[in-house]
Amino acid sequence: MALRLEYSHDDETHRNFLNGQPVVMHSHHYLALITKLVEDLADMSAPEILRDAVEDTMRAVFDDYIAKNGLTSAQDRCNVGREYFSVFGLGKMVITGDENGGEIRLLRSHVDEGWVKKWGVHNKPINHFTCGYVAAMFGAAFNKPARSYVVTEVASIAAGDSEGKFIVKTS
Amino acid sequence: MTVMRDTVVKSLARVTVQADENGLIPEYEVLVNLLPVALLNTFMERIMAAAPPERKAEVEAGLVRAAYECGYHTGCGIITSDIFNEVVLPMVTEGEKDILRGAYAAFTAWGWAKSGIVQLKEAEKMVIRAFDYYEADSGGDGLRGFMLRGLSQAFFDLAYADPYPDGMDTFVCHQTKGIEAGDPYGEFIVVKK
Amino acid sequence: MPVHYEESIDLMNKDGGLKGNLSLTNITDLLQFLSSSAKSGVIRLQSHPGGEEGKIHFVGGELVSVVSKNLSGLEGLADLLSWDQGTFHFLPGVAAQKTNIGLSVQHAIMEAVVLLDKQASTTVNETLRSDERSFDMQEAERSSTEVMNDLLEIPGIDAVVVVGRDGFVIESAGSSARVNIDELGASLAHSINGIEEMGSELNVNRFQDMFIEYGRAVIMCRPVGDAVAAIITPDASKLGIIRHKTRKLFEELGHSF
Chain A
1 MALRLEYSHD DETHRNFLNG QPVVMHSHHY LALITKLVED LADMSAPEIL RDAVEDTMRA
61 VFDDYIAKNG LTSAQDRCNV GREYFSVFGL GKMVITGDEN GGEIRLLRSH VDEGWVKKWG
121 VHNKPINHFT CGYVAAMFGA AFNKPARSYV VTEVASIAAG DSEGKFIVKT S
Chain Z
1 MTVMRDTVVK SLARVTVQAD ENGLIPEYEV LVNLLPVALL NTFMERIMAA APPERKAEVE
61 AGLVRAAYEC GYHTGCGIIT SDIFNEVVLP MVTEGEKDIL RGAYAAFTAW GWAKSGIVQL
121 KEAEKMVIRA FDYYEADSGG DGLRGFMLRG LSQAFFDLAY ADPYPDGMDT FVCHQTKGIE
181 AGDPYGEFIV VKK
Chain E
1 MPVHYEESID LMNKDGGLKG NLSLTNITDL LQFLSSSAKS GVIRLQSHPG GEEGKIHFVG
61 GELVSVVSKN LSGLEGLADL LSWDQGTFHF LPGVAAQKTN IGLSVQHAIM EAVVLLDKQA
121 STTVNETLRS DERSFDMQEA ERSSTEVMND LLEIPGIDAV VVVGRDGFVI ESAGSSARVN
181 IDELGASLAH SINGIEEMGS ELNVNRFQDM FIEYGRAVIM CRPVGDAVAA IITPDASKLG
241 IIRHKTRKLF EELGHSF
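Protein chains in written order, with the working numbering: chain A, 1 to 171; chain Z, 1 to 193; chain E, 1 to 257.
Keep in mind that a hint or two might mislead.
[To be verified] Derived SDA-like pairs: lysine to any residue, alpha-carbon spacing no greater than 25 Å straight-line:
{"#": "1", "chain 1": "Z", "residue 1": "Lys121", "chain 2": "E", "residue 2": "Gly254"}
{"#": "2", "chain 1": "A", "residue 1": "Lys144", "chain 2": "Z", "residue 2": "Val37"}
{"#": "3", "chain 1": "A", "residue 1": "Lys68", "chain 2": "Z", "residue 2": "Thr16"}
{"#": "4", "chain 1": "E", "residue 1": "Lys19", "chain 2": "E", "residue 2": "Asn70"}
{"#": "5", "chain 1": "A", "residue 1": "Lys117", "chain 2": "Z", "residue 2": "Asp82"}
{"#": "6", "chain 1": "E", "residue 1": "Lys39", "chain 2": "E", "residue 2": "Asn100"}
Since the hints were derived computationally from the structure, they do not count as laboratory data. All values reported here derive from a predicted model rather than from experimental measurement.
When you get a sec, could you build the whole thing from the sequences and use the hints?
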């Protein structure tokens, strides 16, 4: 399945839209700094705040696409998240799993590679963003409410691994 | 001749970024992402809401910093890019002032903020007005133009401060008005730190 | 709040003239009123508190002669336009001894305002040169919005817009059914650029004023700081007065940009 992409531009406000959703460009510096910010504010549960914000907003994007295109199979619905991941410039992933959970291999990663470009290899995984993203993807694929899945990053490009790996379990 | 804003906006507004086979968007010497505005605003509001009063300034500074470094490093790539060379540089006759005019036209074209320069005293002060910016939709209390603050500070540093890295943080940007606070536009003032 | 002209003058039945105070009206309004009613005669003016005297003779819509103190012609008119305190007395049917202007009222006002602008610019430059400390003495600045709202109060002005040199519409007030304000920004910036290039080629200094008269609108613009302000008016009939009344407000607007 190839994602249908419709880019549009509002000539009055100059905002950009992808499939009707307002989107904006930033560089890896921005997400790397946001990631660093949540790491620094871990005592405020900032990593969880980032994960949940990503899960909730990405879920809305996936649900909107799924509804508009009448996608019913879990595989097609899951593919929406996988393909959007690349369209957003976030990298490339391979998904295995079912309703009860699964595993994601991150072959390339904007967040991790951006972190390494900026600060070099880190001593632990930092990709809270993708944890939230994957939770949204599984939730949308299997039509489960938010926070139905717990995603743990067990291998990390930012921490020196050749690929990232995320384990998905039901909560 | 100076930089004509409408020419820049028309030329850049329809440039769409496309990911490569690895799902990455290498552009302007950085990796670019294209994210839903709702995601950035939701995160900003939730992290601000979670911060106790004594730490709100720290969180705010972190959000501005993210935009500042993004603006500073990406800014170098933007003003040396082929598209900037092709569209903006031929119209530059007033040096840094015109580069900044071109930059704000680019910010407008790329949907960061429909903004422009109101007043510019070279290497001293710059007043920016924004009639639309995505952070104004965040729904939070108070002024929320953190991204535009960081971006404005970064570009003024690039234009008038010492070269990287010494010139970083020479200037600072304050937001004085905001659409999100009920004003008709957002106003951002860059001055020496 | 504009004062109704009829309220600011007294009808003088004895000599058939009009009398009034310059604090309630001003000379441009007075001239406009008398010329539009095709009157002929002389306006005698006396300034307060100096007690200086001036005279304006006109026939129908044409200014024939102006004298103010020891100045005459356009210089005299420019001097009288700067009076804001004093009295006037119009006497119909009094003819001038000699002609020293010979222009329509509108045209004469515009020329006199140009003269005033030149004098003001020279004075400002001299003041700046002689006393840089004058910046410390400036009165509290009003916001651009307040100044633009004052501009809109001037009869005949439909809209005011301030545009950056790059065409960024910084601020606008009022509206015009004749001109799209957003499109005006870009068009104005392109035009000013061309005009400045011409000024540079001809070595005649920077542009100071531009009037464009179209069939359905007149656009007048001036530099304000590093930006350009434009007003839109339906036609050229009030341009002289508008030009006179906007002068100080444009100067004030320049502090914001």
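Each hint, compared with the structure:
For the given pair, lysine 121/Z sits about 14 Å from glycine 254/E by alpha-carbon distance, which is consistent with the 25 Å threshold. For the given pair, lysine 144/A sits about 24 Å from valine 37/Z by alpha-carbon distance, which is consistent with the 25 Å threshold. Between lysine 68/A and threonine 16/Z, the direct Cα distance comes to roughly 23 Å. Compliance with the 25 Å bound is thereby established for this hinted pair. For the proposed pair lysine 19/E and asparagine 70/E, the alpha carbon gap of about 24 Å is at most 25 Å, so the pair holds.
Pair hint lysine 117/A plus aspartate 82/Z holds up; C-alpha atoms about 23 Å apart against a cutoff of 25 Å. Of the pairs offered as hints, the one joining lysine 39/E and asparagine 100/E holds, with about 19 Å between alpha carbons and a cut-off of 25 Å not exceeded.
Checked against the numbered hints given earlier, the structure satisfies every one of them.
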